[in-house]
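2 protein chains.
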Amino acid sequence: MKITLAQLNYHIGNFESNLRKMLDAVTLAKEEGSDIICFGELATCGYPPRDFLEFRDFIARCMDSVHALAAAAQGIAIAVGSPCVNPVVEGKDLYNSAFFLFDGKVQHISHKALLPTYDIFDEYRYFEPAHEFSTVEYKGKRIAFTICEDIWNVGNDNPLYKVCPMDEMMKDKPDIMINLSASPFSYDHAESRISAVRANVSKYGVPMFYVNHVGAQTEIIFDGGSLVVSPDLQVFDEMPYFEECIKTYNLADVQKGGINNEQQKEKYRLMHDAIVTGIRDYFGKLGLKKAILGLSGGIDSALTAVLAVRALGAENVWGVLMPSEYSTGHSVTDAKDLAVNLGIRHDIVPIRSVFDVYEGLLNPLFEGKQADVTEENIQARIRGMILMALSNKFGHILLNTSNKSEFAVGYGTLYGDMCGGLAVLGDVYKTEIYKLAAYVNKDGEVIPLNSICKPPSAELRPGQKDSDSLPEYDTLDPVLFQYIENRIGPAELMEMGFDPAMVNRILRLVNINEFKRFQAPPVIRVSNKAFGAGRRLPIVGKYLS
Amino acid sequence: MKITLAQLNYHIGNFESNLRKMLDAVTLAKEEGSDIICFGELATCGYPPRDFLEFRDFIARCMDSVHALAAAAQGIAIAVGSPCVNPVVEGKDLYNSAFFLFDGKVQHISHKALLPTYDIFDEYRYFEPAHEFSTVEYKGKRIAFTICEDIWNVGNDNPLYKVCPMDEMMKDKPDIMINLSASPFSYDHAESRISAVRANVSKYGVPMFYVNHVGAQTEIIFDGGSLVVSPDLQVFDEMPYFEECIKTYNLADVQKGGINNEQQKEKYRLMHDAIVTGIRDYFGKLGLKKAILGLSGGIDSALTAVLAVRALGAENVWGVLMPSEYSTGHSVTDAKDLAVNLGIRHDIVPIRSVFDVYEGLLNPLFEGKQADVTEENIQARIRGMILMALSNKFGHILLNTSNKSEFAVGYGTLYGDMCGGLAVLGDVYKTEIYKLAAYVNKDGEVIPLNSICKPPSAELRPGQKDSDSLPEYDTLDPVLFQYIENRIGPAELMEMGFDPAMVNRILRLVNINEFKRFQAPPVIRVSNKAFGAGRRLPIVGKYLS
Chain A
1 MKITLAQLNY HIGNFESNLR KMLDAVTLAK EEGSDIICFG ELATCGYPPR DFLEFRDFIA
61 RCMDSVHALA AAAQGIAIAV GSPCVNPVVE GKDLYNSAFF LFDGKVQHIS HKALLPTYDI
121 FDEYRYFEPA HEFSTVEYKG KRIAFTICED IWNVGNDNPL YKVCPMDEMM KDKPDIMINL
181 SASPFSYDHA ESRISAVRAN VSKYGVPMFY VNHVGAQTEI IFDGGSLVVS PDLQVFDEMP
241 YFEECIKTYN LADVQKGGIN NEQQKEKYRL MHDAIVTGIR DYFGKLGLKK AILGLSGGID
301 SALTAVLAVR ALGAENVWGV LMPSEYSTGH SVTDAKDLAV NLGIRHDIVP IRSVFDVYEG
361 LLNPLFEGKQ ADVTEENIQA RIRGMILMAL SNKFGHILLN TSNKSEFAVG YGTLYGDMCG
421 GLAVLGDVYK TEIYKLAAYV NKDGEVIPLN SICKPPSAEL RPGQKDSDSL PEYDTLDPVL
481 FQYIENRIGP AELMEMGFDP AMVNRILRLV NINEFKRFQA PPVIRVSNKA FGAGRRLPIV
541 GKYLS
Chain B
1 MKITLAQLNY HIGNFESNLR KMLDAVTLAK EEGSDIICFG ELATCGYPPR DFLEFRDFIA
61 RCMDSVHALA AAAQGIAIAV GSPCVNPVVE GKDLYNSAFF LFDGKVQHIS HKALLPTYDI
121 FDEYRYFEPA HEFSTVEYKG KRIAFTICED IWNVGNDNPL YKVCPMDEMM KDKPDIMINL
181 SASPFSYDHA ESRISAVRAN VSKYGVPMFY VNHVGAQTEI IFDGGSLVVS PDLQVFDEMP
241 YFEECIKTYN LADVQKGGIN NEQQKEKYRL MHDAIVTGIR DYFGKLGLKK AILGLSGGID
301 SALTAVLAVR ALGAENVWGV LMPSEYSTGH SVTDAKDLAV NLGIRHDIVP IRSVFDVYEG
361 LLNPLFEGKQ ADVTEENIQA RIRGMILMAL SNKFGHILLN TSNKSEFAVG YGTLYGDMCG
421 GLAVLGDVYK TEIYKLAAYV NKDGEVIPLN SICKPPSAEL RPGQKDSDSL PEYDTLDPVL
481 FQYIENRIGP AELMEMGFDP AMVNRILRLV NINEFKRFQA PPVIRVSNKA FGAGRRLPIV
541 GKYLS
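Line order of the protein sequences matches chains A and B. Positions 1 to 545 (this note's numbering) are the ones given, in order, by the first sequence. Positions 1 to 545 (this note's numbering) are the ones given, in order, by the second sequence.
For the record, the hints were derived by calculation from the structure and aren't laboratory data. A few of these clues could be false.
Copies of the same chain are indistinguishable here, so a pair counts whether it falls within one copy or spans any two.
With a cut-off of at most 27 Å between alpha-carbon atoms, the simulated DSSO-like pairs for lysine-lysine come out as follows [what the hints assert, rightly or not]:
id, residue 1, residue 2
1, 290, 542
2, 442, 21
3, 529, 516
4, 171, 289
5, 369, 442
6, 256, 465
7, 256, 171
8, 542, 171
9, 162, 369
10, 542, 369
11, 465, 203
12, 162, 290
13, 290, 265
14, 256, 267
All of these numbers come straight from a predicted model, not from anything done at the bench.
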């Protein structure tokens with residue numbers, strides 16, 4: 001038996017495009033003499049469809065795609081993920097299902113039992129979990145279909161669910177496990193994915209074919225890396241990361257095993273490729289081409305520009321330098337050097353004249369009050385305004401250049417440097433920014449060394465440095481990481497050896513700035529806990545604040 | 001037996017304040033000779049605690065409050081909602097529980113079985129559902145405790161769950177049902193709440209004591225309206241809306257029944273009171289006092305100002321008029337009249353001088369391009385900038401004045417009139433704005449009639465009217481309501497008689513503007529489907545767009 005895995009880049013709600021891609025893959029698989037081709041979870045509509053699932057029309061269009069695929073399932077079987085109406089009145093109205101199609105018809109439907117409802121996942125919001133389990137007999141082989149999370153309760157010290165669907169299906173003695181997934185990227189996820197698949201093969205003793213999505217849906221990046229694990233627990237194949245791939249496997253070869261194609265992975269390469277994918281698909285799926293961003297001469301905007309150029313091409317990225325009276329001479333030079341290195345259009349729009357008019361306008365109301373953060377915010381907002389004006393006039397989308405450390409402690413101006421359609425580096429801590437910049441510069445200086453080496457500064461008042469307002473990033477980031485990624489509270493942080501006063505200060509900063517993050521752009525998610533849909537906190541909360 | 005219900009205004013994560021309120025209520029109930037006092041769902045920490053629940057420290061502090069209440073449970077029993085650690089390794093780590101405290105100790109814990117995971121609710125994200133059910137024997141009476149959603153599967157045509165917890169508990173033949181709730185307001189929710197409680201009393205034949213939260217947690221408003229329903233299905237008592245209330249009932253009287261205290265409800269009075277509560281608690285719980293807003297002379301900003309004055313007092317509301325060359329003379333007069341009616345500080349800051357400088361600065365880059373929406377957005381952003389500068393300098397929080405129709409179709413400028421800490425009218429359609437304004441003016445003209453009667457206009461270009469860009473609101477709002485509140489898709493809308501071209505145009509506008517709403521301020525929720533946490537849609541979706 002030949003089994004094809006199709007690791008595709010779907011687009012949420014774009015039924016035509018998703019179906020066309022799948023039909024093309026079916027044609028290819030037929031040419032290769034495949035017996036069955038497998039697509040990802042909810043492949044008809046893309047993942048995550050979110051509240052579109054509440055529209056009957058949306059579900060009907062998913063079913064139209066299923067039926068179109070069924071019609072194409074002649075001489076080949078097709079396994080595809082799609083929502084499915086729950087015929088029973090009690091419980092949620094939908095299942096998250098794997099449709100097995102053959103001979104022009106839907107032959108079998110398996111429902112997902114384990115519904116991830118944590119971080120960015122909201123599946124219990126929409127779906128009823130499967131209560132019954134069955135397998136499929138096809139060409140003399142028995143296949144157990146599972147969907148994504150269904151296999152993640154195995155080999156887990158703190159299982160989130162009380163059942164393991166494969167435990168139930170083992171009564172049928174399946175020959176093969178096929179898992180249709182939509183498993184998003186984080187820089188540490190591929191390892192756990194391989195472990196989970198291996199744990200299942202180890203426990204159940206049959207090979208697993210695991211097919212993932214690839215490509216970005218705003219914040220969420222699917223990295224691909226689809227897997228075939230043979231009964232000897234070797235990674236028979238691991239598909240490429242961040243690109244589409246359609247590949248056919250001979251089951252006999254997989255069962256024999258003895259081949260290991262596990263890939264090397266490196267955090268900053270993965271992060272880099274994920275962000276480039278995130279930018280490319282954000283623009284591509286919204287039908288956009290061109291980006292604009294402010295270039296301050298600092299490392300964050302420089303790195304954002306590089307990633308944008310790699311995603312969209314130099315001809316589609318426009319850098320704007322907006323020096324103020326507090327900008328150092330170096331800032332302009334460094335920004336220019338970067339633009340020249342990248343070959344992108346750049347313009348200089350000094351903000352002093354606008355600032356002066358605002359000052360004149362507001363001074364009568366400021367009634368002799370001292371200059372404070374207000375004046376700093378005005379400068380940041382003038383820059384946001386200029387960028388948005390150019391964005392509106394020319395249709396370039398503004399890229400936000402804030403990093404995760406800044407978002408965490410609220411070191412940024414709402415409607416100023418927090419503007420943008422997409423926060424490219426919003427899930428990358430400042431200390432990681434340096435490492436990502438080093439990765440970018442590995443084959444030669446793209447980001448000027450001066451942008452990397454100088455002390456970080458917002459340059460909104462004379463001689464200002466980030467470290468005037470914040471702990472040094474080397475001190476700040478480890479606390480943020482433990483608090484945000486690992487949900488470690490104050491007492492435990494202090495037990496870990498972090499300074500109590502600093503812990504209290506940092507946690508307070510994080511918590512009182514929820515109101516700012518609420519209005520931040522969507523953040524490309526590269527860690528296992530990004531700001532945005534995966535981290536939900538109340539604005540009026542009074543905890544640690 | 002005497003039963004006290006305590007309908008309190010909790011504050012998320014403010015353990016000291018929540019505990020103090022509850023202990024004060026216990027003292028009061030003891031003075032009234034009560035046998036048991038009941039607080040709301042998750043009362044120790046406030047609702048919704050969201051991802052704070054992922055911190056061990058947060059749960060420990062909830063348990064500290066439970067133990068402090070247990071210590072006070074001398075001569076009186078206490079029922080209080082709080083998270084509870086799930087001792088079993090399989091499944092989620094927490095339960096959402098009702099603690100029954102007496103004689104200084106935790107005597108019994110009932111867990112919630114039905115975990116709402118829809119709209120603004122994410123309970124399955126945190127909690128394991130109860131799998132076992134038991135009742136409590138106290139002073140010769142058997143009590144069945146349920147938590148909020150647990151009773152909502154009864155009397156429901158499309159039940160979301162497969163079990164009804166009370167069905168299980170009826171084997172113990174309970175004498176009383178007590179439900180600890182945190183059931184948020186929408187203008188049509190009180191009726192369904194009474195129906196749900198009545199359906200339970202009718203099905204199980206014993207009286208129900210239902211205690212709710214009151215007060216706002218950013219977007220979410222709890223309206224109170226706690227209920228006592230006697231076995232004859234009469235509403236023995238319905239507590240006041242939008243205020244705290246502690247009241248003791250004699251069980252014998254309730255069982256006898258024959259008394260109906262059901263309140264009259266009127267949509268716009270409820271909406272008005274909910275929004276005033278929303279503003280008051282947003283400021284109060286964040287430790288803030290003063291608000292600022294732009295007054296355009298239009299109905300939306302006028303209504304926002306009135307509601308702010310009612311929530312915060314005239315001395316704490318500051319109106320800023322920012323006329324441009326396209327503002328009509330009436331606009332300034334109408335805004336001034338309103339400010340005088342309300343007795344609030346108001347200032348005039350014309351925006352022309354700033355606009356001219358931006359134009360001079362950007363013209364070289366605009367390369368002879370025609371004026372378009374860019375110039376309109378610049379004006380809106382100058383206003384946002386001025387308001388934010390005053391907000392930063394004086395610590396007044398900016399109130400956003402956008403309405404739901406505008407948010408829906410993206411008729412607003414990001415970082416311009418979409419700025420603000422709280423969107424006061426963001427869940428009120430334009431056609432409802434008029435009715436709410438009429439309610440505000442019922443005892444005399446507060447909002448100038450001219451602001452109500454003139455055609456809506458953004459006044460960003462000569463002679464502009466909203467109806468140049470949008471269908472008339474009488475046409476627009478019914479389609480939006482069916483699409484947003486009722487999730488009716490295009491084909492069904494056309495079947496309902498709406499014009500196909502208009503339906504397609506409106507739905508497309510809603511869907512392509514997801515990116516704007518993503519960065520909108522939190523919206524005070526008054527309907528059953530508000531923009532924000534209760535409505536989750538992908539930005540890169542290609543559905544109906």
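Structure-based check of all given hints:
1. 290 / 542: Between copies only: 19 Å across, 42 Å inside.
2. 442 / 21: Neither way: residue 442 and residue 21 sit 36 Å apart in one copy and 60 Å across, limit 27 Å.
3. 529 / 516: both (18 Å within a copy, 23 Å between copies)
4. 171 / 289: neither (53 Å within a copy, 65 Å between copies)
5. 369 / 442: neither (49 Å within a copy, 42 Å between copies)
6. 256 / 465: neither (61 Å within a copy, 73 Å between copies)
7. 256 / 171: within (23 Å within a copy, 57 Å between copies)
8. 542 / 171: So residue 542 and residue 171 fail the 27 Å test inside a copy (51 Å) and across (42 Å) alike.
9. 162 / 369: neither (62 Å within a copy, 63 Å between copies)
10. 542 / 369: Neither, since 30 Å and 50 Å both go past 27 Å.
11. 465 / 203: Neither: 55 Å inside a chain and 68 Å across chains, both beyond 27 Å.
12. 162 / 290: So residue 162 and residue 290 fail the 27 Å test inside a copy (48 Å) and across (50 Å) alike.
13. 290 / 265: Neither, since 31 Å and 53 Å both go past 27 Å.
14. 256 / 267: neither (32 Å within a copy, 70 Å between copies)
This entry does not satisfy hints 2, 4, 5, 6, 8, 9, 10, 11, 12, 13, 14, going by the numbered hints stated previously.
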